[in-house]
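Here the protein sequences line up with chains G and Z, keeping their order.
Everything in the first sequence is counted per this note's numbering, starting at 4 for the first residue and increasing by one.
Everything in the second sequence is counted per this note's numbering, starting at 736 for the first residue and increasing by one.
Hints are supplied without guarantee of correctness; some may be wrong.
To be verified - Rough simulated footprint, nothing fancy, chain G against chain Z, three-plus residues with beta-carbon under 8 Å:
| # | segment |
| --- | --- |
| 1 | 740 to 753 |
| 2 | 870 to 878 |
| 3 | 882 to 889 |
Claimed, not checked - EDC-like cross-link-like pairs, simulated, lysine to aspartate or glutamate; straight-line CA separation at most 20 Å:
| # | chain 1 | residue 1 | chain 2 | residue 2 |
| --- | --- | --- | --- | --- |
| 4 | G | K41 | Z | E841 |
| 5 | G | K35 | Z | D845 |
| 6 | G | K118 | G | E71 |
No wet-lab data here; the hints were simulated from the structure.
Glycine residues also receive a C-beta, built at the ideal position from the N, C-alpha and C atoms.
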Amino acid sequence: MSPQTNALPDTPGTVVPYLIIKGAAQAIDFYKQAFGAKETFARITDSIGRVGHAEIRIGGSTLMLADEHPEIGAVSPQTLGGSPLNFFVNVPDVDTTVKHALAAGGTLSRPLENKFYGHRTGEVTDPFGYRWTLSTKVEDVSEDEILRRAAEEEKKHRKPGAASTTIGDGRGLG
Amino acid sequence: MSGSDAVTVALDIEVEPEMAFAVFTRELDTWWGRGPQYRFLAPYQGTLVLEPGVGGRLLHVADEAAGRVFVVGQVEVWEPPRRLALTWRLPNFAPDQTTRISVSFEHTGDGTRVSVTHSGWDALPPRHPARHGRTGHDFVMMRGQWWADLLAAVKRHAERAQYPSHTGGNQQ
C-alpha cells in the first residue's frame, strides 16, 4: 500500500451490499424509479455489455452492483433460484414507495400492513429476484408494549399443540 | 467470449454538455492524473495537450526544451459538445498497434452523462505489457478503474468550475 492510500476509502458505510444481477443496467433504472436511487460512481461496462461495477445511493445508503460474471463465481438470484437476502429499507412514506416500486415492475410479495412494533411495511420483489421490505414508522411503541403485543400475536397464530415460532421479541421478518 | 476488447466507463456530471466538453478537452491537463500511472514519459510530469479539431493530437509534453514529447493519438471525431474520438497508443505499443477512445456527452435531466469507451484491446497480444498480466474481467476492471478515477476528476473539476462557491473564494 502506498503512503497516500487511505485504508478506509470515503465510500459511505462499513458494510456495503454488493448485488449480482442479471441485467444490472435495467436494475439501476428500476431502483431509480422504484426507490429514488441515484447513480453515484462511474459505471464500468465491458464490450459485451456486462456491467462490471456500479454504485447507487438509496437514501443514506450505498449499494454496489454488477452483472453476472460466472467465470469468477458471481451469479444472480435468477441463476440461483432465489435470494436468501432481504433488504430492509426505511422510507418516509411506505405507501408511496410501494406504489412506485410496483409501477416500475416489482411485485408485491407481502402486503402493506401495520405491524405490532409500530412500523407499516410491505415487501416488494424486484424483477431481478431481490426482496425489499419497505417500512415507515407510524407509531412509537414502548418495549413493554411490543412484548405484550408480540405475545398476543403469537397466541393468535399458534395452532394448538404447535411449538412457538416467535423468536426474540417477535420482530423477526415482520 | 471475454468481452475485454473494450471497456466503457460512464459518469453523471452536474453541468451542461458544453461545460463538460470544454473541461474534458480544453482543461485536460488540470484534471488528468499525474505520476507514472497517468503520464506517459518519465518523469511523468509535464503537460497534456489536446489540440482541438479533427487531426489534432493528444500530446504529453514531458520536457519541451529537451524535445521529450509523446504523441498519444490523433482526433478522429470532434463534434462539440456531443462526441469526441481519438486514437490511443502507449509508449510500449509497437508501431502497428493502436487502440481507440470514444467519448460521448449525453444531456440528461440533471446534467451530462459522460461515457468513455476505450476499444481495440483484442489487437494486442495476450502477453502485451500494457495488459499488466491481466485478462478478461480482471483486465476490464483494471482499465475501468483507471478511467473511473479520471472521470471522477473530470466531475470534480467541472462541477467546481460551474459553481464558483465550491472553491470557497466567492462565498458570502
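Consistency of the hints with the structure:
no.	hint	verdict
1	740 to 753	holds (count 8)
2	870 to 878	holds (count 4)
3	882 to 889	holds (count 4)
4	K41(G) with E841(Z)	holds (17 Å)
5	K35(G) with D845(Z)	holds (14 Å)
6	K118(G) with E71(G)	violated (36 Å)
The structure is inconsistent with hint 6 alone, although it conforms to all the rest.
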